[in-house]
Amino acid sequence: MLIERKALETFLPALAGLGQPELCEHAAALGFPVDGQEAVDGTVVLDIDVTANRGDVMSHQGFARDLGAKLGAALAPFALPAIEEGPARVEVLLEAEACPLYATALLTLGAGATPEPARTFLTHMGAPAKGLPAVDASNELLHLYGHPTHAFDADKLRGAIRIRYARAGEKLVTLDGVERTLSPEDLLIADEAGPIALAGVMGGDPTKVTETTRRVLLESAYFDPRTVRLMARRHNLHSDASHRFGRGADPRMPRVARDLLVARLQAWAGATLEGAWAAGSEPAPAAPIAVANDLLERIAGEPIPPGEASEALRALGCGVEASAAALLVTPPSWRHDLAIPEDIVEEVLRLRGYARIASTLPPLDAPPRTALTAYGFRSRLATRLAHAGFHQTVTYGFVSPESEAGFALNAEGRTLANPLGREYSVLRGALLPSLREVAGANQRRGAKEIRLFEIATVFEASPDGPVESMRLAFVWGGVRGGEDFLTPARPIQPADLAGVAKDLGFPPEAIEVRALEGGLYGVEAPLEVLAWPSERCIPAFAPFSRHPVVERDLSLLVPMDLAYRSLREAVVKALPGTGVLRRADCVDVFRHKSLPEGRQAWLLRFAFQADRTLTGEEVDGWMEAALAAARSLGAALRT
Amino acid sequence: MDASDLKLLPPDIAEAAATFEAQLDACGTLDALMRLKGTFTGREHSLAARLMEALKAAPKEQKRELGALANQLKNAWEEGIKGRQEALEAVKRDHAAAASRVDPDLPPPMPLRGALHPLQRLQDRLVGIFAALGFHIEEGPEIETEAHNFDGLNIPGDHPARGSSDTFYLEQHPDLLLRTHTSPVQVRVLRRLAPELEARGGIRFVAPGRVYRKDDIDPTHSPMFHQVEGMLVGKGIGMQHLKGTLEYAMRALFGPATAIRLRPSYFPFVEPGAELDVSCPLCGGKGCRVCKGSGWVELLGAGLIHPNVLHYAGIDPEVWSGFAFGLGVERTAMMVSQTPDLRLFFENDQRFIRQMGGLD
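Going line by line, the protein sequences match chains A and B.
For any residue, its number in our numbering is found by taking its place in the first sequence, counting from 1, and adding 712.
For any residue, its number in our numbering is found by taking its place in the second sequence, counting from 1, and adding 497.
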């Protein structure tokens, strides 16, 4: 929100001697950091950040009030023009609780124009004067005092003014030229001909003040904040007025603002007051809030003398009654945000300054958590993959339906109602499509080798909504090696990925290497396939054999179409159990035209160890059995 | 030996003898030298052998002179060849020695090296810092209900954040949304632990995770980003504990000289609410581009848990109190690293991940 320092000083003269940096410090300490400042026309315009709960600070008066309380300085005396209310010149009927008070006045405009200082001020507020005194005065008042007002062209109004809810289908063209179709939740100002304004949001175009306007009817009312917020949202119409009424205007202000507006029109435009009147009454003030001294001490972290707290609250406009154990606090009419004792304590701390709060570590009073968490498990896994050469990616959880093509996934039940675009419309069912895209982008940027992984949530449709689960996916592609004098270059092969998966602890049946395009391969699996590490820091000791290991190789010629898994299974079955057989692996594959056609050579390596020294004869016997098992599948000894 | 002596020899031998030195010098390899050796001093058909035959066949009066000459030549050839052989063998040894030498300056083969994503690293670091203070990790789903994402956090029913212009909703399940912050984890954990709160003595956790907001993708906005949420519940918890905890954490993150300051702010789920500034980690508070000359950088939102949040979870705010805070991982990462464009974190260029990430 924009604040002109010159105008601010008219509300709080004590500011005159305060340096600009000090002013910014005070503002920030009060909760209104200064986002920017600009020197213009011999003064400074500040852009202060006001939180959504402080509608009352959205004016020069409001900001001055908080600053004055902080500085212990009084606001300039408030000179209210003396205006007598009289009989209603136009009947005003309040037909909705959301408008408890509607103050108005009828004036005939004379000659005159918006004075130069007001024009300059409005320019500083980013809302240049329109040259229509009734409009400019209303705007000036909004920025100075925070209470939105409105002026209608009185000659365009028909009959009584009603503040009522809209009837379905009613229409109103608002000041921005947009025709709005109204709903029964919309609060209206209407005359006999129909709606003339969206209450607290925006006036209507047909009854607006123009250069030919001779008589104006003023509006200075109080509207229920929630009603205004919902209207602004429903019509996506966020105005200066809706921001202020929506956050809560000061219910004491309608008459004051009307009187100030009347005085301005009299002064600026030679207006003659034909009558001022009001309908309804101020809403009941909020009930006092009891703040226990204990609560104040607990939140502040130290005892705060009740006198100091009372003084701070009074400076902010609260009524305070102190008893032995509590303060009874009545918030001022403009503070809609003060509702519970904690709100009051915050005010005391805010005025003292959060800088005075002590810094203490809380006592460690919760039980220790020793077990590895799912987060820790994933973190470890990520670190392992990074050490194995993979780059961790972070990709969006939503993808385009097209990106999942080829993954046998149905987007049904995973789509967003309001996505940023089709490209981001489906909660992803797999990670590899995202990695495939990232890999492609890296390849286009010249990467020769792609090594990527991601650990993230995927979504699976269910009748109750998408079910989330954590997955790991990694891709590897391009050429490895060839970058030093010892390692030859070669294309990545599926076995490279299978090796990584095996090393990470994937059970063999969970390893499925998927060929993606462009020499890229991928593996994806639910995290549950990986064994959860033991809770024990170090597992129980298991003695290992001190007897020698006997290693034997078996060189076989096997048919090209023989699956290694079936050969290995058959061979292992023919050998003694894992108590003795410590290893049975293929360590070399040889394919060459020198071999018989349709055959390849596999070198199998076995290791045996027992709780005794094995004899050559028994190992020979096992190797014979292994060979026999291999022969049964069409393999032959390679000699 | 002079030219008159050579007249005693057969002319071809004499010619060979005259060019021996030149031929010897021309032998660049041991093989060539061995061939020369065969020609001059080999057992059969060599010049030396023929010299012996010539000696046998020579007239008696020439034998003595020719014999001396033949011996002299043979010795010279043998000496010459031997010397040359040693020289060539020495060269060969030198080559072999050079060939077997390992040049330590050649670029060695390197183990494969990947990297953790910078966001993961920062998130892990934060989680680790709070772990030292006894905060364990809690996580929650990315798809949430309005109850957890808004109601339980004291966010009013008409709050603009609930609108479809701010929050992603699911098409087939209008009651479900993508969480807009990690705060629903607060609601879940508080509700879960409420029954055992007295026995536990308190609650403290951090909740890292992905969150979603309907923001267009640009250099400072992303529809998905990460937060780390923290919460502590105990008896007699006040603002001083919030300040102490955050001061410890910020010093652990940015260095022991880091200063913090709390400023009043507003979030519906805390009261009092605060914004935390840290002394600028880049200039140390002297003023720079990052802190816009102020010496301070805004880092996170925090406050004491609003009584309504405790109520909602079934915890008596008259007995229990606590604090909560939440920090944007991307924003912090961009600030400390001076990364100019948020999109770089989601493009996943391997070079970026290697440069900004790392292995731990």
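Bear in mind the hints are in silico, worked out from the structure with no lab data behind them.
One thing to keep in mind: the hints can contain errors.
Said to hold, decoys possible - Okay, derived cross-link-like pairs now, DSSO-like style, lysine-lysine, Cα gap no bigger than 27 Å in a straight line:
no. : chain 1 : residue 1 : chain 2 : residue 2
1   : A       : 842       : A       : 868
2   : A       : 782       : B       : 789
3   : A       : 1285      : A       : 1305
4   : A       : 1285      : A       : 1214
5   : B       : 789       : A       : 718
6   : A       : 718       : A       : 842
Claimed, not checked - Derived, one-sided and incomplete: chain A residues facing chain B with beta-carbon distance under 10 Å:
no. : residue
7   : 1095
8   : 1098
9   : 1106
10  : 1147
11  : 1198
12  : 1201
13  : 1203
14  : 1207
15  : 1210
16  : 1273
17  : 1276
The beta carbon of each residue, even a glycine, is placed where N, CA and C say it ideally should be.
Report task. Against the earlier hints, flag every one the structure doesn't satisfy and list their numbers going up. Result -> Hint check: 3, 12, 13, 14, 15, 16, 17 fail, others pass.
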